[in-house]
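Go by the hints and put chains B and F onto chain S.
As a plain string of letters, each chain reads:
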Amino acid sequence: MASLKIIWNIFVKDLRVEWRNRETLASMCVFGLLIVFLFNFAFEGAREETLRLLPAVLWVAIAFAGVLGFNRSFASERENACLEGMTLAPVDPSLIFVGKMLANMLFLGVAEVVMAFAAALWYNFSFLPALGQLVLIAFFGTLGYAALGTIFGAIAANTRMREVMLTVLQFPIAFWILMLSIDSTAEALRGNPGGDWFGGVARVAGISLVFTIASFLLFEYVLEE
Amino acid sequence: MLETRNLTKFFGDLAALKEVSLSITRGESVFLYGPNGAGKTTLLRMLASLARPSSGQVLFDGGDMGGDGALAKASIGFVSHTTFLYSELTVRENLKFFGSLFRLSDLEKKIDAALELFDMRERSGVFVRDLSRGLQQRTSLARAFLHDPDFVLLDEPFTGLDSQSVKNLQRLLLRLPEQGKALLFSTHDFEQGAALAQRLVALKAGRVRYNGPLATAPFEDLGIVRASGPKADG
Amino acid sequence: MKNKFPISVHLALTFVGLCVALYMIFLYAPEEMTMGEVQRIFYIHVPSAWTALLGFVIIFISSIIYLWKRSRFADELASATAEVGFIFCTCVLVTGPLWAKPAWGIWWTWDARLTLTFLLWLLYVAYLMLRSYIINPGRAANLSAVVGIIGFVDVIIDYMAIRWWRTQHPQPVILGGPNSGLDPRMLATLLVSWGAFLILFSLLVRVRLRLAQMRRELGDIRHVLAFKASED
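Heads up: the sequence lines are chains S, B and F, in that order.
This note's numbering puts the first residue of the first sequence at 755, with every later residue one more than the last.
This note's numbering puts the first residue of the second sequence at 1481, with every later residue one more than the last.
This note's numbering puts the first residue of the third sequence at 813, with every later residue one more than the last.
Bound conformation, chain S alone (with noise of 0.2 Å):
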């Protein structure tokens, strides 16, 4: 109980913070969009390729997102070294990582809804025959996803050129997370031709959960001096 309080006290915090600048979501969502709406005109004319290739332009656009978010989520923490603040207090470190986790994936939520939407719209489609299975894609994509960011946004905070240095660690890390739910989204749009409801929700939900223990589990050593 006294640990949940304390992530949930870390995870409002960061709400909080993000809620004086907005920057975070912001910058998200507005980069999302961009690089929905290039795609939309760099495809013109070829609607059935599009939609074919839609669920590979919105990972790619939560990817680059992603990135960008978790950047800033540790921009204010290194700005007066708040992350050792925190360790100061009698805090388990894998507290302060599932704290910032959440955060970073609602942030990365956010923006992907509005990705979605804008998509819907844009290339006049409809995810709703799908959505249940791509809500869970969605959540566990983004949970292994924020997880290695979360714990490579630590790392690449102590790191000079730190916005280059977590692309190169997030990148081919995550990348199975990210083939995996291209793969399981562009399924679940086609409506499921194989008849397994479940197994591409399993692949990612597996591959993000080994992920996120890995990454709970070792970010009390990237706090340590």
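Heads up, a few of these hints could be off.
Simulated pairs of lysine-lysine, DSS-like, Cα-Cα distance not exceeding 30 Å [what the hints assert, rightly or not]:
1. B/Lys1576 <-> B/Lys1589
2. B/Lys1590 <-> B/Lys1647
3. B/Lys1576 <-> S/Lys759
4. B/Lys1576 <-> B/Lys1684
5. S/Lys759 <-> B/Lys1589
6. B/Lys1590 <-> S/Lys759
7. F/Lys881 <-> F/Lys816
8. B/Lys1576 <-> B/Lys1590
9. B/Lys1647 <-> B/Lys1684
Taking CB as the label site, the calculated pair distances span [as the list claims (entries may be wrong)]:
10. F/Met972 <-> S/Asn775: 23 to 29 Å
11. F/Cys831 <-> S/Asp950: 53 to 59 Å
12. S/Trp762 <-> B/Ser1503: 37 to 43 Å
13. F/Val1036 <-> B/Ala1707: 32 to 38 Å
14. B/Glu1588 <-> S/Val867: 34 to 40 Å
For the record, the hints were derived by calculation from the structure and aren't laboratory data.
Each residue gets a CB set at the ideal place from its N, CA and C atoms; glycine is no exception.
Same frame as chain S, but now just chains B and F:
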């Protein structure tokens, strides 16, 4: 008691501290002095469990702090060069957040007390980013005293403070030993530090050069030039 | 260690090993029927790939040992291995297309093993970049160890995920395994070549380790001198 045994800390290939052994007990006030790069900050950070020893130990009341150090952390207040404050939050929100991490009961009351202590009450609703360096330092001090720590570790606490705040802080620090608390602090102004402590720990190049009563310290050997010559017993 | 196996002997062993491997690759091993001479790059390509993979296994194990025991040697070993492993992995990526073009008619295809190798190469790049970009040297070992471990988890996941992903993709055209009709002389050449590569690998890691050790000793000496100077 806060104690170090053969404490050594490497940063890459460079040893910032080498085999430092010393201890501070409750009711004691210790002045940590030394030139830049002597290892003062590193020592304080390690006592505050922000940095882990490369070898040697930090002991809190006889127990190794190597584990989670929860007990020690609850009894240590630390002020550093960085304020550990969120610019986007107000003074009170900052204290509330850090206080909640210590699981303090009666948090609001304690926040009021800490703000009162550093004369920050009227500014409790101001965003930290809008505060001057001196006011941020006072907020940081309030944060460190919030959980009423037994061991107060201050790294250059007078940085940025105006003369009135310096006096206030000096008064407060002088009272700490009477309250049964331990104080370990560093400042580059020797006279300012000497006025607050009975014991001197002089560091140089990561080693302890002197550890003993301040009044009888070999100032010349330590390269310390006193403003008005060594005072004879206050 | 130093007396029993001096570095000069190690160097000589590497030289002999590589000479034997070269002899076997170009003179001993029979010519492959369909691919011809160009197939001989196989004896460099495959051992490099195995060595690169082994490199990351070593990084993973040393990272765990470092976080567990705080052994500076483990940290230095991980760092040295990463630099050498990266070279071998690059070698795989260079020899691959050289062989693929005449054999398959294309320079590159995203088949399972190529994707894996490229991801492994990216992991090496990320790991080495991190090591050189960390600001506070006191944190370098910890942060690198964390990335070393998560990176290896990623390598393992690569092996599973590649089967879940685009399963309709054709399997690699290269020789299946040692039991799939590989000529015994070819197999011998492959193993000898790998052996020579391993000796070379260990030599390079050893030299790199010695450099790290010397740098640390120099730091100690410099520190003692600084302390002495402050005494005077």
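Taking the hints in turn, this is what the structure says about them:
1. B/Lys1576 <-> B/Lys1589: Status holds; Cα separation ~11 Å.
2. B/Lys1590 <-> B/Lys1647: With Cα atoms ~23 Å apart, B/Lys1590 and B/Lys1647 stay inside 30 Å; holds.
3. B/Lys1576 <-> S/Lys759: Given pair B/Lys1576, S/Lys759 holds - Cα atoms ~13 Å apart, limit 30 Å.
4. B/Lys1576 <-> B/Lys1684: 38 Å, violated
5. S/Lys759 <-> B/Lys1589: With Cα atoms ~20 Å apart, S/Lys759 and B/Lys1589 stay inside 30 Å; holds.
6. B/Lys1590 <-> S/Lys759: 19 Å, holds
7. F/Lys881 <-> F/Lys816: Within the cut-off at roughly 27 Å; holds.
8. B/Lys1576 <-> B/Lys1590: Measuring from Cα to Cα gives roughly 10 Å; hence the hint holds.
9. B/Lys1647 <-> B/Lys1684: 29 Å, holds
10. F/Met972 <-> S/Asn775: 23 to 29 Å: Because 41 Å falls outside the window, the suggested range is violated.
11. F/Cys831 <-> S/Asp950: 53 to 59 Å: Once the Cβ atoms are compared, 55 Å apart, the range 53 to 59 Å for S/Asp950 and F/Cys831 holds.
12. S/Trp762 <-> B/Ser1503: 37 to 43 Å: 39 Å, holds
13. F/Val1036 <-> B/Ala1707: 32 to 38 Å: 33 Å, holds
14. B/Glu1588 <-> S/Val867: 34 to 40 Å: 37 Å, holds
Hint compliance for this structure: hints 4 and 10 are broken, all remaining hints hold.
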